[in-house]
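In terms of UniProt numbering, the sequence shown is residues 1 to 866.
Everything labelled a hint here was simulated from the structure, so no lab data went into it. Computed from a predicted structure; not experimentally measured. Hints are supplied without guarantee of correctness; some may be wrong.
Okay, derived cross-link-like pairs now, DSS-like style, lysine-lysine, Cα gap no bigger than 30 Å in a straight line [unchecked claim]:
hint: 1; residue 1: 403; residue 2: 123
hint: 2; residue 1: 123; residue 2: 801
hint: 3; residue 1: 598; residue 2: 801
hint: 4; residue 1: 123; residue 2: 715
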Amino acid sequence: MPRYGHEDRALSCTVYVQMGQSSSSSGYVAAPYYPTPHGGWISSWDSAYSKAQALVEQMSLAEKTNITAGSGYYMGPCVGNSGSAPRLGFPQLCLNDGALGVALTTNNTAFPAGITTGATWDKDLMLARGEALGAEFRGKGVNVFLGPVVGPLGRKPLGGRGWEGFGTDPVLQGWGAYQTVLGVQSQGVIATMKHLIGYEQEMYRMTDIIQQGYSSNIDDRTMHELYLWPFAEGVRAGAGAVMAAYNKVNDSSCSQNSYLINGLLKDELGFQGFIMSDWLGQYVGVASALSGLDMAMPGDTMIPLIGESYWMYELTAAALNASVPMDRLNDMATRVVAAWYQMGQDEDFPDVNFSTNTEDEDGELYPGALLSPSGQVNWYVDVQGNHSLVALQVAQDAVTLLKNNGSVLPLSNSSALFVFGTDAAVNPDGPNDCAYRACNVGTLGMGWGSGTANYPYFDDPITALETRAESVSFHNSDTFPSSVTASDASDIAIVFLTSDSGENSWTVEGNYGDRNEAEETLWYSTDALVTAAAAVYETVIVVAHTVGPINVEAWIDLPQVKAFVVAHLPGQEAGESLMNVLFGDVSPSGHLPYSITKAQTDLPATIADLEGFSLDQIDDDFTETLYIDYRYLTANNITPRYAFGAGLSYTTFSFTDLAITAVTELTEWPPAPPAKGTTPAYNTSIPDYTEAVQPSDFTTIWRYLYSWLSESDAKSAYEAGQDGSTYPYPAGYSDNQTAGPPAGGGQGGNPALFDTMFQVSVKVTNTGPTYSGKAVVQAYLTYPAGIDYDTPPIQLRDFAKTATLAPGESTTVTLEINRKALSVWDVEAQNWLIPEVGGRYTVWIGEASDLLDHACYTDTLECGAS
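Turn these sequences into a full structure, and let the hints steer you where they fit.
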């Protein structure tokens, strides 16, 4: 009898999840949520599910299990390669990184990172970037784009992968998710929301044979109002896939957490696609299937490349012996096939035309096998199109000016410029010299890890600067040369700095993914580079390429440091995008997607510090609840160095003629959600064991993962399923489908949550005399005083970026406050509640979280200066 299907039964009972609130790890509640809701009850998926049902009904047992797992590490051209059902025309699916471009290939665009995109505060650019990404993934034959990243949310400034997401606020992150999913899927590519959920640091993230992954312990309200929010927005946009995180949530691994997957994602948020494990992030078999996991990637166990899997042939055995109900397996297969149909991939979808394993034209087809057939694996299809223009626009519009004393910027072409710092020039060994960008050499265009892509070229700052300015002297060192002196008071020093981070699979200069304590701020002790330049030059401009917040206190107040610019992670277009701003071709219009504090201790230890090693379970208790980033700083009257949402321009803007309009009548609770639609119904009887038997004429490749069993194993499993014994399902298990929670009813939750309740219109005028520019209008909400719910003083609820306005030109911007934006999550009712219908909700309007000069009130429908 195969080991799978019985030996891990005990593990299937350790399915924990949060309900309720607690301030300590011992109080976080574990609750089962079964069964997995069937997919197919959302009307916009009707056609896809109808087609999927017709196909899945024709599948054998082995075909169903084959398409729900990967064929193994390095067992195909892509980062992940699913099984297939070629008899019925269902192909092997190609799943590929990275979040900012097609990873591990050539002739692609290396777009600006997510954090850079968030810094644009431009919904249209978020969409355009998503469309361009989708076009490139489709052009390469990738079925599943492994992005966008909205977990981590960036709770921890030192966290290694915060730069892959869009910012430290759920609304900003949510819009990045929504627009990216829409854009990518408009090209017929399945987008993958990742990583679900609470994945806020790199160290100790994974469970392995030595250690358990850390547990993110999150109370129910915080889960809904912060960390689940951007996932809800991606699901609302129709995301076809979700990836589970490596870590645990409330002591249950995310890939087998029944409340997280079945309860929150599939029932409450109405997710209709399939959820996959992260690579080697599936830790058991039966438990993960019962808890709602639909696809195991890359198919191997925690120890890869030994030809073993928790699913594939083991899932076949588990279905035959009745430990995984056929109802669950049918739903798993149907969700995968439905997502394929929903994106129209059954018609004219390109074949995979690249290999992530080699850049050579010919190579091994299955490099993970000891003996692999070979053939052509790369066709070098160029998918870039005109996407460099999108990349340039995003990088340019993200450039964030934070200091500009004496209007030293923009520069004149005739200025004598003296440039310092290795970040100004591309890696001398080439921009792709370090695999997965796991080094910090030259201009920092992206962090490191699986979220990266190869550069087709790299437009570095120094080359662009030398093209633009008449006099440029470059010192390619992070140590200030002792021989340098300023020859004239008008000489200008430009100092380039970096701060890098990435994924824990790689260590860069002592940083295990997260930024360690020594490299918390600027790499290579380049604070000293700035102060040394300030001792020589009367005018110093600092440019930072960084993954997130940096500490600038050593030099920011020096009178010689006239300007400070954050260029974030610009991707391939680092040079021209920056020069267009520095020389005034465009006014800077980027705004910070996070706060920059004066000290690490300005934030609570739960946020500021990383979780350290422990022989016992590592618990990361989110005791700060809703109070992260600017929410915590505002509540505790801590003035940051630069606030969330901050950004200067070369011009000025006025916000006038504010008006607030009630659109929908307020009610305490949202209307009851619509009932679920019908879902595919199948024969749930265990099929004959012959459906699981490997054909006698099929030749296997060693280490490649298959779903077939030998005849004796298949027959033994089938007999076990027919012997009348009852499988010991976990406590709370049920196979009865339910109507769903009151907060559900649609993709993203109850559709009424997204009804507009109020609109605020603002006339924006460029009041400067010289420069054109774009304004960012931000709307924050304050709840009525005295309500029974603790709420941060301000919370971002909407934003908009204007088109370029000439001096004196005006435009009107409309911001929307929907029901969810006015609601809190009630943990007892398990629903969204507007806590005081007739109360005064204040909508603050301004250019940053600390620059809110106007207020509109929902009770009087009046607006005025704050």
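Hints violated by the structure (listed by number, smallest first): Violated: hint 4 alone.
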